[in-house]
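Given the coordinates of chain A, assemble chain B onto it according to the supplied hints.
Here the protein sequences come in this chain order: A and B. Counting from 1, position 11 in the first sequence corresponds to residue 11 in my numbering; the numbering is continuous, with no gaps. Counting from 1, position 95 in the second sequence corresponds to residue 1095 in my numbering; the numbering is continuous, with no gaps.
Calculated directly from the structure, the hints in this document are not laboratory data. Where hints are given, some of them may not hold.
[To be verified] Straight-line alpha carbon distances no greater than 30 Å define the calculated DSBU-like cross-link-like pairs of lysine-lysine that follow: (1) Lys108(A) / Lys41(A); (2) Lys1005(B) / Lys28(A); (3) Lys104(A) / Lys1005(B); (4) Lys42(A) / Lys104(A); (5) Lys108(A) / Lys1005(B); (6) Lys1051(B) / Lys108(A).
[To be verified] Taking CB as the label site, the calculated pair distances span: (7) Glu1106(B) / Ser75(A): 23 to 31 Å; (8) Pro1110(B) / Arg76(A): 25 to 33 Å; (9) Ser1099(B) / Asn80(A): 16 to 24 Å.
All values reported here derive from a predicted model rather than from experimental measurement. Cβ atoms here follow ideal geometry from the backbone N, Cα and C, with glycine treated the same way.
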Amino acid sequence: MDYPLLLIICLILLSSSCDTFSQIFLKKSVNSLDIQVNGIKKAIDFVLRLILVPGTWISFTFSTISLILWLIVLSRVELNFAFPLDSMHYIFIAFASGLFLKEKVCYKRWLGTGLIVLGITLVSLTK
Amino acid sequence: MPKNKLTLKIIFFLASTDVLETFINFCFKKSALAGAGFSVNSVIGLILFIKAVALSIYLWLGFLGVILLFAVWSTILSRIDLSIAVPVASLSYILVPISSIIFLGEKVPPLRWIGILIILSGVILVSLTANKKEDIPL
Chain A
1 MDYPLLLIIC
11 LILLSSSCDT
21 FSQIFLKKSV
31 NSLDIQVNGI
41 KKAIDFVLRL
51 ILVPGTWISF
61 TFSTISLILW
71 LIVLSRVELN
81 FAFPLDSMHY
91 IFIAFASGLF
101 LKEKVCYKRW
111 LGTGLIVLGI
121 TLVSLTK
Chain B
1001 MPKNKLTLKI
1011 IFFLASTDVL
1021 ETFINFCFKK
1031 SALAGAGFSV
1041 NSVIGLILFI
1051 KAVALSIYLW
1061 LGFLGVILLF
1071 AVWSTILSRI
1081 DLSIAVPVAS
1091 LSYILVPISS
1101 IIFLGEKVPP
1111 LRWIGILIIL
1121 SGVILVSLTA
1131 NKKEDIPL
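Chain A extracted, bound-state conformation (with noise of 0.2 Å):
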């Protein structure tokens, strides 16, 4: 049973966006308590809250949805296919990270996520 190579790149596509909407989910549930941590006792007890916090658990549901996506795709296609276009989803979450978490993302920071996608796409071109 062959997926023709456009609903693939479909299902990379949004096993990416679901990871992104994962991380942003997570990243918001972490502001939302407002504690930094520092010493393992303080990680304990802010890890055991933030399991509290629902949008904690959104996150979770993105993260599995995501990973089942993409189990589909590597049964399908091979990983150094599907990887360069995995890579992608550092330009979602810069994205995401502007527009959800308004994270200041300057035009450096931009540059350096390309600079990390572009090399990517080379590493995984090599074999």
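What follows is chain B alone, placed relative to chain A:
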């Protein structure tokens, strides 16, 4: 402690999430192999597969890794921007090839070196934008 400062400690933690992620993938792959003898094309086949996988110690090691990863990653996020944490975590694309050269004696072709250097320059560029107020948002 100023917020959004990319200290060496945080970079170390970021690198450790990559190691953890690799470990988790390895464990889950191992546990899936434990169920490899079963063909999953019926409900009973699926139940037998899940049973074999659940009995594998690797599955539980994998779950332990997931919990640990969540703790470490959310700790990192309490300190820095998401748009910094995610790109800098891509350091694994550099660390993995370098450790395969040192520990596994693998050869890295020139094009991959170029890719690695480009990733590295990207990570450095993103890191430089941490803890700066005067940056112009795009």
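Consistency of the hints with the structure:
1. Lys108(A) / Lys41(A): violated, 36 Å
2. Lys1005(B) / Lys28(A): holds, 19 Å
3. Lys104(A) / Lys1005(B): holds, 14 Å
4. Lys42(A) / Lys104(A): Given pair Lys42(A), Lys104(A) holds - Cα atoms ~28 Å apart, limit 30 Å.
5. Lys108(A) / Lys1005(B): holds, 16 Å
6. Lys1051(B) / Lys108(A): violated, 50 Å
7. Glu1106(B) / Ser75(A): 23 to 31 Å: holds, 27 Å
8. Pro1110(B) / Arg76(A): 25 to 33 Å: Holds: the Cβ-Cβ distance is about 31 Å, inside 25 to 33 Å.
9. Ser1099(B) / Asn80(A): 16 to 24 Å: With Cβ atoms ~20 Å apart, the hint holds.
Hint compliance for this structure: hints 1, 6 are broken, all remaining hints hold.
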